[in-house]
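Put the two chains together into one complex; each comes in its own frame, and the hints tell you how they fit.
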Amino acid sequence: MMWNIKQGYVSLAMQRLRRLVHVYVGGIVELNQSNLKGELDRWKSTTYGKTCARFPERREKFEGTSGIEVQPVYTPLDTEGIDYLEDLGFPGEYPYTRGVQPTMYRGRLWTMRQYAGFATAEESNERYRYLLEQGQTGLSVAFDLPTQIGYDSDHELALGEVGKVGVAIDSLADMEILFNEIPLDKVSTSMTINAPAAVLLAMYIAVAEKQGVSPEKLNGTIQNDILKEYAARGTYIFPPKPSMRLITNTFEYCSANVPNWNTISISGYHIREAGATAVQELAFTLADGIAYVQAAIDAGLDVDEFAPRLSFFFAAHNDLFEEVAKFRAARRLWARIMKERFGAKKEKSMRLRFHTQTGGSTLTAQQPDNNIVRVALQALAAVLGGTQSLHTNSRDEALALPSQESVMIALRTQQIIAYESGVADTIDPLAGSYYVEALTTQIEEAAADYIRRIDEMGGAPMAIERGFIQSEIEESAYRYQMEIESGDRIVVGVNEFYIEEEPPKGLLKVDPAVADLQCKKLADVKASRNGEAVEKSLEALKAAAEGTDNLVPYILDAVREYATLGEICDTLREVFGEYKPSGAY
Amino acid sequence: MGDSMGTDTGRKIRVLVAKPGLDGHDRGAKVVARALRDAGMEVIYTGLRQTPEQIVAAAIQEDVDVIAMSILSGAHNVLFPKVMDLLREKGVDDILVVGGGIIPDEDIPALKECGIADIFTPGTSTSETVKFIEENVKRRS
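Same order as they appear, the protein sequences are chains A and B. Heads up, the first sequence is in this note's numbering, so the first residue is 1277 and it goes up one at a time. Heads up, the second sequence is in this note's numbering, so the first residue is 106 and it goes up one at a time.
Extracted from the complex, chain B is given alone in its bound form (with noise of 0.2 Å):
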């Protein structure tokens, strides 16, 4: 979208880190926020309490390539499809969305049926994302 000009393969990867649901543990989130901006990826973070809705919007207003959402409270399950569902309703299919946090092996392969790219859980180093982000964004290739 917007660069009608052909100039996406020189542009900055964008990407839009996202808090959604309540919890307010983002030392994760800001973390992995820094560390794409170091690799010289344009990051804009929402804060916390972001509801599914907001983070679409966000999402087109910003033109973003990427998704990176994370959840600790438990609530990834309801929460990360959701956001995938507005995605698709909006027709939206052409950004990469990763998610993170305390989310249970279990749940990933369902997770990842939805349309979430990959998970990264507790111990990931930013390099291992940064890397994955890089080789998988859709709209530069």
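Next up, chain A with everything else stripped away, as it sits in the complex (with noise of 0.2 Å):
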């Protein structure tokens, strides 16, 4: 696999020098080149020299997050090695730089989804119909750490956690009251989990069925991106390798059974969140793709079965050319690999889609209102560079969860940009801009080169298991705010341009009550459930996980009785055992 990668990158640069030979056989298109070069030469040593000389620029050197140096102006001879039709192509084609849709945003424009869960099911549900009636587009769930780490709210491990970080869910009850009045066949959800991810999926097909709406029918996405936790995000509870066989058994279930439902978002997004720039986001992202690609293969499925339900997300920071070009790259950087490396034929395994979010981690908890000028142009980005769907987050969530007034603000960022600043108008916009081409191709290049790094290691969970994509990862986190400190690098109102301010009001509290009250809940349905059949139901899962069923099944089973989500995964856990990370810092 490893070598079939390297033949597909050889080709790539094969065709290159072949087409700047055409270019020289070409005569008239040479001799332009030429003059351009001496052009350009002329131009740096006489007009921008000298000025230069005079006044010289703010910095000595200028550069994107990733390291990539920015030149003073770029030009046809910065785009020469790249072919439109072999690089570029028609938007909703191969290698689908331009976009994975034929109409892109002139169709439909991008789902608006706004990442919202907190405190109890009640809550929760209240806001999901209060963005609905507002105009956004899907639904997008945040679980409480709990929750995410398959306990219930009772579990000592819970204390302080319960409905902070998102809503907490026990069992089928919490999900019945979550998606009340919300008729599953007509919104899109998805969902923010990982390890337990089987077990929501399966609470979802539930609510469904007693809302009389069968599995084909269900829209969304579950994260299920178990590699990410162990490399930057740390919500996961089983060693790898059953956590591998859990994903690859719900992208075979739901081929059969929830067709349309995204089975796996391979996230970047918490990768740079911890630091990572946008070259290491990319490649640290299509690194695990490729794992969960070839772990799914290893299973026996079919790389065209599962493949066109893959789906990615991303950050979206504040670099604007930096970020559409990493988006550029990353849907012809993909499609490459699935053509190329995996053999994949048809068309929708090639098409790399994803869903953005804006980045938390450029927020600041000082002058909070500037968040607001952040977000819209990180949505800028994530619109310009083709993404499916996009979170705008709120100019509070340095300091707490999002207000609701804080909430509208942001979404109302998206229909700004959707319906006023025409960029939906066209496809790829930026297309053919010279220092997007160059810097989509760099970008590219250079995520390619950290996969080669990284299949050298035996693939993504092996450079997980070494440490090295975590202390990538950190070292890109330290340069950043050494940056900072040393004023290198310029925050708003941070480290200048700042101001005495009071305390921000209004944010949102959690009361903490809700877990006294989410513990009640959970003992009623203990109390009111048919006991024997759960743990028979629970007794079947674990038989199923010792052996090689897939557990998708079982674990609906076990869902539809009732059993809680910390009853599942305990049961799981004395299967599987638990992760320890090895990283002894």
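Honestly, I wouldn't trust all of these hints.
Going by beta-carbon spacing under 7 Å, a handful of chain A positions derived as facing chain B [what the hints assert, rightly or not]: (1) A1641; (2) D1645; (3) A1753.
Some chain A residues close to chain B (C-beta under 7 Å, calculated; not the full set) [to be verified]: (4) L1421; (5) I1425; (6) K1440; (7) R1509; (8) G1510; (9) T1511; (10) G1551; (11) Q1757; (12) V1770; (13) P1779.
Rough simulated footprint, nothing fancy, chain A against chain B, three-plus residues with beta-carbon under 8 Å [claimed, not checked]: (14) 125–137; (15) 153–159; (16) 169–180; (17) 204–217; (18) 221–231.
Derived by calculation from the structure, the hints in this document are not laboratory data. Each residue gets a CB set at the ideal place from its N, CA and C atoms; glycine is no exception.
Right, here's the structure in full:
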């Protein structure tokens, strides 16, 4: 496999070389380009050089977050290795650089999907219905940490965490309340859930059944991306091997039963938030993607059966052009990997569809209203980069969970970009910019380079096991912080342009009583269900986990009997054990 | 503790950087750990998902001068005071304890009340944290 991808890149380089040779053969073009080179040199030593000598530029060297040097000006010389049809193509066609859909936002705007959830299912349900009334077009569920790590609300480790960063879900009963009066055949729902993703998906399917909606009508996404949990986000439960089994089990189950479900959202967002550069975000995400595809193929699945339902999730940060180039490079690189490395035949298998969230780590606690502007720039980058769905952060998220008013501004930001800015009216409007095309190629090459290094280590799981990905991220995070502290990087309102300000008012606070309320609900569920049926379903799940069956149907049976998330995860913990990070610091 | 030979003033400040609770956001904790180390301190990082009991046990076992805790999940009002209670239970009163993370201003007075020396919120430079620890560490003065 490693060899295949290398061959792919070698053949890519050869194609580019041949094109250059053609250019030379084609006389006139050659003359123009060499004229241009001479003219550029002349400009640099005269017009530009003289000015620089008298008025030095703001800094000696300009760089993006990934350390790629930014030139003073870009010309056709910077894009001469790019072949339009081979490297860019048309929207909806290989290699999808210009977008995965033929009409992009001219047909339908991106899905405006605000990540939300806090306290109890009742309160979150109220927020979802508010957001849908305000014109949001998809739901995105935030779960609290005990739910994400497979503990019920009454577990000792849940102390202080219940309902804090998301909604607490202990059993199907909570899930029924969460989606009360929300028709699951009409909305698409994204759930940020990883280690216990199969359990929450099963609960969603069970709620739909109760609403009379069959699984094939369901649309949505489970994040289900465990590798980045080990590397950057931290909500792991089981060791890598059984975790990968649960993931390939959901691929298989959904391709047969829930065909419109995105079975994984391979996430760079948290890698970026942990401190990675744009290039690292792209490289580590696609390396994780390669590992999932390989694991599913190794489990006997056909690549074109499951690959069309893979989806991705990236961050959008402040450096507008670097971000746009990153999104374009992501599509091109993934298309080539799927085609050349994995031999995918279906077009859908090669299309990198992605969700974007603006960068939480770019928000400042100081002068929080400035964050509205940062979010607008980042959202613009995501749209210019061709995202399929978008979450815009709220101005107060460096301080607390967002208030309803802040969420509204964040949603309105997307609507202004969509309906007033005009950027959605033509497809991939920055294509052909010398800078953006050159940067797209540079980012693609730098990411491919990282992927080659990770391949040489034996793939992403091994690179994580060895701590390579973690230490690369940490190094970037530290460098970024030191740049801020030395004043080399300006953050408005933090290390420059600061003011004395009053503490912000109206922050959202989760009532500490939520934990008691949730524990009481849990006790009620346990008292009213059929205990014998629960036990039987958990025993069956345990036996299946010890064997090789697909676990999703067993989980679904347990969920229908109101077995709790904690009980189901504990059953699996007994068989699989728990992941213990090796990295002593 | 431990330095009965009166070498306290010569030894490096020992810091336990700790992540109580379930949240996995340790970018800040790791950046602070490295900055403290670069400032000449000895730093032990606990890793994720530590209970208050584990943190206090590690602090005593590692004989640290400072505990620096980070929480971004909102569980600080429960978990920070719990660490302070446990320290008091064990009769430890000479460890400087500081906290950081996404912590609303209005929560800070109560946290200081229970014995947290200071709370560092987003935007704090690591040099401020270093300076605060150097000036306030109890055992070396």
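Going down the list of hints, with the structure as the test:
Hint status for A1641 (chain A): holds, given a least beta-carbon distance of 4 Å to chain B, under 7 Å. Annotation: D1645 (chain A) was flagged as interfacial toward chain B, and the flag is violated, the nearest CB pair being 15 Å apart, outside 7 Å. Hint status for A1753 (chain A): holds, given a least beta-carbon distance of 5 Å to chain B, under 7 Å. Below 7 Å, beta-carbon pairs count as interface contacts, and L1421 (chain A) has one with chain B at about 4 Å; its hint therefore holds.
At its closest, the beta carbon of I1425 (chain A) sits 6 Å from a beta carbon of chain B; the interface hint therefore holds under the 7 Å criterion. Look at K1440 (chain A): its Cβ gets to within about 4 Å of chain B, closer than 7 Å, so that hint holds up. Among the interface hints, the one on R1509 (chain A) holds; its C-beta lies about 5 Å from the nearest C-beta in chain B, closer than the 7 Å criterion. Among the interface hints, the one on G1510 (chain A) holds; its C-beta lies about 2 Å from the nearest C-beta in chain B, closer than the 7 Å criterion.
Taking 7 Å as the C-beta cut-off, the interface hint given for T1511 (chain A) holds, the closest approach to chain B being about 6 Å. Residue-level restraint check for G1551 (chain A) holds (minimum Cβ-Cβ distance to chain B is 5 Å; threshold 7 Å). Hint status for Q1757 (chain A) relative to chain B: holds, with the closest Cβ pair at about 5 Å, below 7 Å. Annotation: interface hint on V1770 (chain A) holds; nearest CB of chain B at approximately 5 Å, less than 7 Å.
A cut of 7 Å between beta carbons decides the hint on P1779 (chain A): the least distance to chain B is about 4 Å, and the hint holds. Only when three residues or more bring their CB closer than 8 Å to a CB of chain A does the claim for the region 125–137 of chain B stand; here the count is 9, and the claim holds. With 3 residues having a beta carbon nearer than 8 Å to a beta carbon of chain A, the region 153–159 of chain B meets the requirement of three or more and the stated coverage holds. Residues of the region 169–180 of chain B lying with their CB closer than 8 Å to a CB of chain A number 3, which satisfies the three-residue condition for coverage.
Evaluation of the coverage hint for the region 204–217 of chain B: fulfilled, as 4 residues show C-beta separations to chain A shorter than 8 Å, against a requirement of three. Residue count for the region 221–231 of chain B with a Cβ under 8 Å from a Cβ of chain A: 5. That meets the three needed, and the coverage hint holds.
Comparing the model with each numbered hint stated earlier shows that hint 2 is the single one that does not hold.
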